[in-house]
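Protein chains in written order, with my numbering: chain A, 1062 to 1175; chain B, 27 to 139.
Don't read these hints as lab results, they were simulated from the structure. Predicted model, so just to flag it, every value in this text is computed and none were measured. Treat the hints with care, as some may be off.
Each computed DSS-like pair below joins lysine-lysine, with the alpha-carbon atoms no more than 30 Å apart [unchecked claim]:
{"#": "1", "chain 1": "B", "residue 1": "K87", "chain 2": "B", "residue 2": "K75"}
{"#": "2", "chain 1": "B", "residue 1": "K134", "chain 2": "A", "residue 2": "K1068"}
{"#": "3", "chain 1": "B", "residue 1": "K126", "chain 2": "A", "residue 2": "K1126"}
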Amino acid sequence: SAVISQKPSRDICQRGTSLTIQCQVDSQVTMMFWYRQQPGQSLTLIATANQGSEATYESGFVIDKFPISRPNLTFSTLTVSNLSPEDSSIYLCSVDSRSSYEQYFGPGTRLTVT
Amino acid sequence: AQSVSQHNHHVILSEAASLELGCNYSYGGTVNLFWYVQYPGQHLQLLLKYFSGDPLVKGIKGFEAEFIKSKFSFNLRKPSVQWSDTAEYFCAFASGGYQKVTFGTGTKLQVIP
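So here's chain B without its partners, still in its complex pose (with noise of 0.2 Å):
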């Protein structure tokens, strides 16, 4: 089955610190992957995506991601993440011709002036 593991949680990093969220999928086939992030009392939105090409994509915010496909990883990274950056970041995919999106559990990252 389909599935997405997001390794952590819940993170809790100061202002300046690096950030990596991790995420596993399993699916033997291509597919497209993304990150949404929610601002507290926002929407859902999109923060990057890969579709082919570059496995290094770059998303809004200073935020990138990295496609190892030979580790299924979609690794979210942040160089120096700042107080607005706190919000809740879910690793999906897309898989084949099917436009169903599988979503992981959530990483809630709270970052602390």
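The shape of chain A in the complex, shown without the other chains (with noise of 0.2 Å):
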């Protein structure tokens, strides 16, 4: 398994501002992942980060808005850029297991903008 923090773990930010939200993993892992978890929805995965790459963005996430970086291994950061109420939700960092699917998630990263 692996353990995963975040940072901040909240935060309420004003319209047009970014945030930028830290993941720290206590071992070494190929790919990370970004998730948004708006009020009363699901998961819903932003990008994948790998190590010394560009991010993948899924479908309706661009990179002007959320950009990543993953410097190495055990660190990334998800930043939301020009925000707007729209943009309050939980933001939720995951990594995987080496031989699954399986993914470990960190504690979220609960952003409200006024």
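Using the supplied hints, reconstruct the complex from the two chains, each of which is provided in its own coordinate frame.
Structure (structure tokens):
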């Protein structure tokens, strides 16, 4: 298993600003994933981040809005840019196990945009 | 498009009642299936998984799920729920060689003592 931490755990941001979320894993992993969980909805994959390459974004998500960094095998950041109230959500980081598709999740970052 | 449907959004049961949460997925190929659980204030964590072999899989805390390929279903069951099972349950699947996991909308289970 993997232990994942995220910072910040929650934040309240003003419209038009940006928030950068950090994800730290206690072991080296190839792939890291960023999800969004909007109120009352399921988890939606934003992008997959591999170390040393550009993140792969899912349909409906673009790099300008959700830039991702993956500087090494244990760390990634997700920035949510030009915030609007519709970005209010929980953002989750996850990693996969080495031998299966099982994913381990961080505690999430609860973002509220005012 | 790949999707997962969970039939029940909110389930309320008394302790010792039996539980069955429905899950259907939409994908024509080989899938790996999961149930995740999120207890209040805790991380999302894996409850059980199916990759191949026996379609009846057992997970933690007495939960089990049955994969019925012909019905594209992976329903979660527990014969006797406890108050500590109060949580939100997510069905999910991963398809093919890509590790993208598609999640259902979740079912909130409330167990009344």
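Here's how the hints hold up against the structure:
With a CA separation close to 14 Å, the supplied pair B:K87 and B:K75 stays within the 30 Å bound. At most 30 Å may separate the alpha-carbon atoms for a hinted pair to count; B:K134 and A:K1068 meet this at roughly 26 Å. Of the pairs offered as hints, the one joining B:K126 and A:K1126 holds, with about 21 Å between alpha carbons and a cut-off of 30 Å not exceeded.
The structure shown violates none of the earlier numbered hints.
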